[in-house]
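2 protein chains.
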Amino acid sequence: MKRIAFPLAAPLLLISGLALLAPDATRAAEPAAIPEPVKATIATLQKDALAGTRAFEHVRSLTVEVGPRLAGTPRYARAVEWGLKTLKDLGFANVHPEATTLPHWERGAESGEILSPFQQTVHLCALGGSVGTPGNGIEADVLLVPSLKDFEAVDAAQVKGKIVFFNTRMQRTRDGQGYGAAVGMRGAGPSLAAKKGAVAILIRSVGTDKNRLPHTGGTRYEEGVERIPAAALSVPDADLLEAQVAAAQKAGTPVRFRLQLGAQHLPDVEGASVVGEVVGREKPEEIVLLGCHLDSWDLGTGAIDDGAGCAIVIETARLLAQLPQKPRRTVRVVLFANEEFGLSGARAYAEAHKAELDKHILAGEADLGSGRPYSLGSHVDPATLARMDAIAKLLIPLGVERGGNESGGGADLIPLGTARVPAFALSQDASQYFDYHHTANDTLDKIDPKDLDANVAAWLTVVYAAAELPGDFGRAPEGGGRE
Amino acid sequence: MKRIAFPLAAPLLLISGLALLAPDATRAAEPAAIPEPVKATIATLQKDALAGTRAFEHVRSLTVEVGPRLAGTPRYARAVEWGLKTLKDLGFANVHPEATTLPHWERGAESGEILSPFQQTVHLCALGGSVGTPGNGIEADVLLVPSLKDFEAVDAAQVKGKIVFFNTRMQRTRDGQGYGAAVGMRGAGPSLAAKKGAVAILIRSVGTDKNRLPHTGGTRYEEGVERIPAAALSVPDADLLEAQVAAAQKAGTPVRFRLQLGAQHLPDVEGASVVGEVVGREKPEEIVLLGCHLDSWDLGTGAIDDGAGCAIVIETARLLAQLPQKPRRTVRVVLFANEEFGLSGARAYAEAHKAELDKHILAGEADLGSGRPYSLGSHVDPATLARMDAIAKLLIPLGVERGGNESGGGADLIPLGTARVPAFALSQDASQYFDYHHTANDTLDKIDPKDLDANVAAWLTVVYAAAELPGDFGRAPEGGGRE
Chain B
8 MKRIAFPLAA
18 PLLLISGLAL
28 LAPDATRAAE
38 PAAIPEPVKA
48 TIATLQKDAL
58 AGTRAFEHVR
68 SLTVEVGPRL
78 AGTPRYARAV
88 EWGLKTLKDL
98 GFANVHPEAT
108 TLPHWERGAE
118 SGEILSPFQQ
128 TVHLCALGGS
138 VGTPGNGIEA
148 DVLLVPSLKD
158 FEAVDAAQVK
168 GKIVFFNTRM
178 QRTRDGQGYG
188 AAVGMRGAGP
198 SLAAKKGAVA
208 ILIRSVGTDK
218 NRLPHTGGTR
228 YEEGVERIPA
238 AALSVPDADL
248 LEAQVAAAQK
258 AGTPVRFRLQ
268 LGAQHLPDVE
278 GASVVGEVVG
288 REKPEEIVLL
298 GCHLDSWDLG
308 TGAIDDGAGC
318 AIVIETARLL
328 AQLPQKPRRT
338 VRVVLFANEE
348 FGLSGARAYA
358 EAHKAELDKH
368 ILAGEADLGS
378 GRPYSLGSHV
388 DPATLARMDA
398 IAKLLIPLGV
408 ERGGNESGGG
418 ADLIPLGTAR
428 VPAFALSQDA
438 SQYFDYHHTA
448 NDTLDKIDPK
458 DLDANVAAWL
468 TVVYAAAELP
478 GDFGRAPEGG
488 GRE
Chain F
8 MKRIAFPLAA
18 PLLLISGLAL
28 LAPDATRAAE
38 PAAIPEPVKA
48 TIATLQKDAL
58 AGTRAFEHVR
68 SLTVEVGPRL
78 AGTPRYARAV
88 EWGLKTLKDL
98 GFANVHPEAT
108 TLPHWERGAE
118 SGEILSPFQQ
128 TVHLCALGGS
138 VGTPGNGIEA
148 DVLLVPSLKD
158 FEAVDAAQVK
168 GKIVFFNTRM
178 QRTRDGQGYG
188 AAVGMRGAGP
198 SLAAKKGAVA
208 ILIRSVGTDK
218 NRLPHTGGTR
228 YEEGVERIPA
238 AALSVPDADL
248 LEAQVAAAQK
258 AGTPVRFRLQ
268 LGAQHLPDVE
278 GASVVGEVVG
288 REKPEEIVLL
298 GCHLDSWDLG
308 TGAIDDGAGC
318 AIVIETARLL
328 AQLPQKPRRT
338 VRVVLFANEE
348 FGLSGARAYA
358 EAHKAELDKH
368 ILAGEADLGS
378 GRPYSLGSHV
388 DPATLARMDA
398 IAKLLIPLGV
408 ERGGNESGGG
418 ADLIPLGTAR
428 VPAFALSQDA
438 SQYFDYHHTA
448 NDTLDKIDPK
458 DLDANVAAWL
468 TVVYAAAELP
478 GDFGRAPEGG
488 GRE
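Chains B and F, in that order, are what the protein sequence lines are.
For the first sequence, the working numbering begins at 8 and goes up steadily by one.
For the second sequence, the working numbering begins at 8 and goes up steadily by one.
A few of these clues could be false.
Copies of the same chain are indistinguishable here, so a pair counts whether it falls within one copy or spans any two.
As the list claims (entries may be wrong) - With a Cα cut of at most 16 Å, we get these calculated EDC-like pairs of lysine to aspartate or glutamate:
1) Lys-217 x Asp-455
2) Lys-257 x Glu-72
3) Lys-46 x Glu-64
4) Lys-92 x Asp-246
5) Lys-95 x Asp-275
6) Lys-202 x Glu-284
7) Lys-92 x Asp-55
8) Lys-54 x Asp-452
The hints are simulated quantities; they were obtained by calculation from the structure and are not laboratory data.
The following block holds chain B by itself, in its conformation from the complex:
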């Protein structure tokens, strides 16, 4: 999964940001200019990173040796072992698990079939968290709806007893905004349809590819509404169903569909995020947090989502630990548990570290694959923007521009945002990301090692600067804790 910046909330944030005083105005008021030795170190770090890092090796190891690792499943426990061993082997300090409760959902066998007008089997997958169908499946007529918005106007009498097919197409964009525009049907679709009497929903995969591989992703059931099964058709299969609906309408006949999902919820289990540190040489209690998520969806091997992000942050911290002199502040890597299925790892982290969140001077999460970084966004005290702008200038040689101050920084940072921990976000080119995201196709071959190196170079820049500079970023404006 990923979190998109929240542009709609921006005006509100600016207003509330201006209305606030940074609580740590002293540190925040340090000069914004970057000292020459810091600049020199960053130039060296960038050059060395672009010449080649070990980032690809980290994601290779995770995908080949662990592979799929849905939070709550036994495979996720293997991922935690991998994380602990990897961080220890790489020389991190204070490597440890941080306990959290994980939901346990298993996909089971699943199938779908258009019965009429023209019988064909289709490729689909249950949305994450969907209930299963009764043992012999659900058979019903299909009602095609172009979008959630169109569904508002549909009368319940038309929906009752039907399988609603939400058919919104996702648009390809560099910044991934097409995802936000299309993904609503995945989360809200089942309950909205159930309220009007639907027996199940299908959605067109939220993705930009044309592969016969459906995109899963979490769905949400509203409290008190009947939980109906929900599945995503691959893009070509959504095309096929759409074409059959058109043919049936022309002929005045219904479209009949059979859906079988073996999905089930099992009791919650105990799991963990994995944490390791490069302890600061002067201010070890002050923390720059580098996040990614260790869990993945079950269909692929979790290379781009989020093996790539873990590789970027692990490698960034590893290279900082190699410096002749460690950074002033502590660099903490957190491989969050369960980003995909409710952020329980992120919430547990925020709760467990409540007392030191005001010492978290900056946080970022890498969770948008391996595409090249092109923009540095942030969510910091507006009084410290000059500092972030100065850091952004150091990214220009890497082709990274300065973005706005309304970037949340990653889904796992939401609980930290609520606590007003400042955040940065290195936006990555997501043009290809949603071709593979949440599908079986999320595999190692989709990653170019040089792209990871470019990300590491950018992360090294921001993280080293934040960990080394005398000044910090105050407290973030309110409103950073929303999805």
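We have chain B; now place chain F onto it with these hints.
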């Protein structure tokens, strides 16, 4: 499937061609120059085709209303119905089925799993015609072999009891020659491995994509050799197995694999090719044959293989039937049964039409997807090359160059080639074709309607000229009947 031109055989063909006299030297000796009215008609046909044809509608109809149609399965019977109805509805004459015997192979459930060093399930599919595994599968160590050639040197003691993994990568090329270079392991692999005691084989998919969708395709068992199960891993899964083999070798441990294939052979069934004609106005007994194959593999909906080819030839003939004056000779469309699984439709056709094969003045088959045509190859009496060269000149405005005289023209033309029926081949850009070929991803969305129109424009040119010109192409040199 497709057939690649046979360049290795070319020197031999040239020699035998020169040694022969064309039996119909009179017709063949007609002037090669294209009369102006023919040129004018062709220019109009090209212009109208490029402005838009109904070709896409034919393949849409076939893929949406029939979909997968493996020869011998009940779905293929639906395809025959579709073919008869479509040709009749479009106004073809003499529309009829031509009976042939079809093998009946069913895939059944299938799965694969790396058990060690790192447990992961993989995406694979049985090769067409493979035997199944025993009910609870085959579990064995894996022996990776880079190619068939490397396998020659491997000692039987190393192979005995193992699953041999042939790991040859296919190269992407415009002309599809990478296919010929890699596909040997698919056909010959099982028997070669069985002779050295292997219990099953896996191959890296013969394809140029990176999708988690394996490529099927026919395999062949040698008589008298044990028939062992054979499956293709998707490209990312072949990468995964390769990486695990490397890790295991480093650790000195074996790679353990479990394979389950539910494939089975059932009794042969009766089926049919579908034939329709545009009857010639002057020489109805002389035939220009336009072929494609009606069957497809079972995984996709057979859009590029060979819905596209059928759409091209059906639309070409339909547009010729619309001319104010029908062509001089008969244009016969043959939707061949069972190209993929032994060419039984093509063999039955050649046998049934034995007496009139010398009246087949030219034949072509469209079976390389929807990529744009770029070259006109042929296999005609060398004495008539000037005529084919003159036709080729009319293709220049379409971006089509003249190829050589060693093009077989399509797998279903092999039995006709044996009977020395002259052939042409409009080579298509196959750069993307092998991304989808024989996979679940062979679906309608892979086809751009404008590409089909460009093919129709080229086919109209060659077919109209061949059906209208006074002269013909003699008899093809010997050697055209080989694969």
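**Request:** State the violated hints by number, sorted upward, taking the hints as numbered earlier in the document.
**Result:** Hints 3, 4, 5, 6, 7 and 8 are the ones this structure does not satisfy, whereas the remaining hints hold.
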